[in-house]
Amino acid sequence: MTDSSRGQSETVGIVLLTAVIVVLVSVLGAGVLSSGPQSTAEPLVDLDIDITSTTVSITHNGGDTVDGRSFDVIIRNETASQRYESAVTGPFEPTDTVRLSHSYTGTVTVLAVAVDSSTVLGRESRTVATDPTPTTDTATPTPETETPATETATPAPEPPAIDSATLPGTPIDDTEANNNVERTLTLTFDTEMDRTIAPSIELDGVTESSATVVTADGTWTTAKTYEVPIRFADNDVDKTIDVTVSEAQDADGTEMSPQTALSFVLDSRSPGDVNNVVVEPDAITQANQNAVDVTITNPDSLDGDETARVTLTDQTGTDITRSATIDPATDETTLTFDTSSLADGTVTPTAVVEDDVGNRGDSVTNDQTPKDTTAPAVDSFTATETGSRTFTVTLEATEQTSIQASDVTLGVSGPGTVENVEQLNLDNSGSSFTYRVKYTVSQPGEYTVTLSELTDAYGNDGATGQTATVALGDAADFVRYTGDAETFGGDGSGVALSIENTASTAVSVRNVTVSTDAASTLFESGSGSTRTDHEIRVVGASTGVWDTNKERNAGKDGYQIGSTAVLSDAAMVSGNSTAEVTMYEFLTSGKGNSGKPVDMAGDEITVTLGFSDGSELTFTVTP
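Counting from 1, position 224 in the sequence shown corresponds to residue 224 in UniProt numbering; the numbering is continuous, with no gaps.
Simulated from the structure, these hints should not be mistaken for lab results.
Quick caveat: nothing in here was measured; it's all calculated off a predicted structure.
Every residue, glycine too, gets a C-beta built ideally from N, C-alpha and C.
Be a bit skeptical, because a hint or two may be false.
Derived Cβ-Cβ restraints for the label pairs, each shown as a range [to be verified]: (1) Ser-101 - Thr-207: 19 to 25 Å; (2) Asn-179 - Thr-97: 21 to 27 Å; (3) Asn-290 - Thr-346: 15 to 21 Å.
Derived SDA-like pairs: lysine to any residue, alpha-carbon spacing no greater than 25 Å straight-line [what the hints assert, rightly or not]: (4) Lys-239 - Ser-200; (5) Lys-224 - Pro-299; (6) Lys-239 - Thr-318; (7) Lys-438 - Thr-330; (8) Lys-224 - Asp-252; (9) Lys-239 - Leu-100; (10) Lys-596 - Ser-612; (11) Lys-239 - Ser-301; (12) Lys-239 - Pro-159; (13) Lys-224 - Ala-287; (14) Lys-596 - Thr-487; (15) Lys-224 - Lys-239; (16) Lys-224 - Thr-184; (17) Lys-438 - Thr-390; (18) Lys-596 - Ala-476; (19) Lys-596 - Ala-570; (20) Lys-596 - Gly-575; (21) Lys-239 - Thr-196; (22) Lys-438 - Ala-405; (23) Lys-438 - Thr-487; (24) Lys-438 - Thr-392; (25) Lys-239 - Glu-255; (26) Lys-596 - Ala-518.
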């Protein structure tokens, strides 16, 4: 009787406990599904829930951003439950992780709930074992009591979502829009769909006059793939278009949440035309050819995605192109070129503006710009004596462009000053240049003319310091006695001295006059010695002698002191060189052997040299 009563009590207790648990689970389920405001905007997320013996980690792997204020987490086991309301501060976004602690054992279940849409975003269960605790008593264990299963709320079915979306051939540019191009939008869903229901597709950002979904031609090609054409027209727009998809249902009738499938660019607006393109400076020269600026005046309206492209083309067809991003806040864009690869001649600039999808305005070309990097080539540079105080400089050069007298700079140096400059000739026709100028100076002497500048019309300088030298005046102006007369011969009756030509040009000695009170006659020795073969001898670059074969021993008349001896040949004395004058031998009055040699040491001798130009030089020597 007692045993029977005890059995009935256990049965009744089990029934009552089961009823309590069912009520408790129902209340918890109702709390989960009814918490917070209701909404149809169900987030689509991929959550990774990890359960350990003490913590729960929830990681947002992808999908929509969840409002943390309506994101609750419920942790429970068979007998208890804990709810974390607003488990995240701020938005819960992809890659975010929230960690919560718990102390449950047994089968631990975690529910992640979006309260505002009454949506179970994620669910995970795991068995968490209780740590074994050793005991020392031998008490009889309590009889096992059957525990009824815990009821759990069934989460709402996951709505279908788009796995991928493609629209080939984007961005759409002006060329395609002008041709009414049509592209096929392909949507791929993550589950099999109800193929009797077409998704609703909206293009956010433009009107139907620019881009239109051809709804009538949309079709399900598979249970997961839907294709629909989009037609474009030239409506002068530059937009980023969002493709929003909604209303599609899966095979179980669950409707998708509105989703932005993809975004693409529709740019059917070509940039405006460049207002002007200018090469600066006005000419390309040797000095600036490595850094030539080309400035364009920007189009009147800009979208901010434009690039200026400028091309310079020479007369042979060779070209170079540079590009630069246009700042819409400025009126001009400047590009710098190295034009050394372009040929001399004319250079033509061409400019166009292009946007980031390749749309272009019309090309603009400006006037041709000359390029001249070739300096004039000096063919000859001479200075010629035209009088005792005047000389003429002649310059000949080769140049493609005309050179003016003002483009020539000459420097003159010499013993005197320049008193007058007279242009005699200027010929800059064709590819040659000839310039003659006459200089008048204050005194004779040797003058050096230096070409220090020869520039063409573009500043290219062909002068490299060319020089020309000219000697002005008579030959006598440039010849001097060097002060080194000496006697020679056993009796000192021969005299030798040196003269120097200080000019750079040669002079020639034509005759010699010798005067002295110490002797009356000059006879050659007849011995065959070089100095004594002739009565008078002048040796420079060439030799001139006074020679009548009047040897003293032959009893003939020699040179009479004070007379003019005309040399057999003019003796040439080169520029900047010396010549030797010898006289042998000086005799007292007499004829033939009757004259006696005179030692000329210490006696004055006056020598007059007559030059081929008619000038004379007289000097006195004392050996």
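Query - Pairwise hint evaluation, Asp-252 against Lys-224, where the allowed Cα distance is 25 Å at most - result: holds, 13 Å
Query - Pair hint Lys-438 and Thr-390, alpha-carbon separation not exceeding 25 Å - result: OK: Lys-438 and Thr-390 at ~7 Å, within 25 Å.
**Report entry** Satisfaction of hint between Ala-518 and Lys-596, Cα-Cα up to 25 Å
**Finding:** The given pair, whose Cα atoms are some 11 Å apart, holds under the 25 Å limit.
Requested in this report: Quickly compare the C-alpha distance for Lys-596 and Ser-612 to 25 Å and report which way the hint goes.
Outcome: violated, 34 Å
Query raised in the report: Given the proposed pairing of Lys-438 with Thr-392, does the C-alpha separation stay at or below 25 Å?
Result: holds, 4 Å
Query raised in the report: Range hint 15 to 21 Å: satisfied by the CB atoms of Asn-290 and Thr-346?
Result: holds, 19 Å
Query raised in the report: Under the criterion that the straight-line Cα-Cα distance not exceed 25 Å, is the pair Lys-596, Gly-575 satisfied?
Result: violated, 39 Å
Report task. Decide if the proposed pair is consistent with the structure: Lys-239 and Thr-196, CA atoms, cutoff 25 Å inclusive. Result -> Measuring from Cα to Cα gives roughly 33 Å; hence the hint is violated.
**Report entry** Restraint status (C-alpha distance of Lys-239 to Ser-301 at most 25 Å)
**Finding:** holds, 16 Å
Query raised in the report: Taking only the CA atoms, is the gap from Lys-438 to Ala-405 under or equal to 25 Å?
Result: Distance ~13 Å between Lys-438 and Ala-405 Cα, so the pair holds.
Requested in this report: Decide if the proposed pair is consistent with the structure: Lys-596 and Thr-487, CA atoms, cutoff 25 Å inclusive.
Outcome: holds, 16 Å
Query raised in the report: Given the proposed pairing of Lys-596 with Ala-476, does the C-alpha separation stay at or below 25 Å?
Result: Not satisfied, since the Cα-Cα distance of roughly 34 Å exceeds 25 Å.
Of the hints listed earlier, those the structure fails to meet are numbers 1, 2, 5, 6, 7, 9, 10, 12, 13, 15, 18, 19, 20, 21, 23, 25, in rising order.
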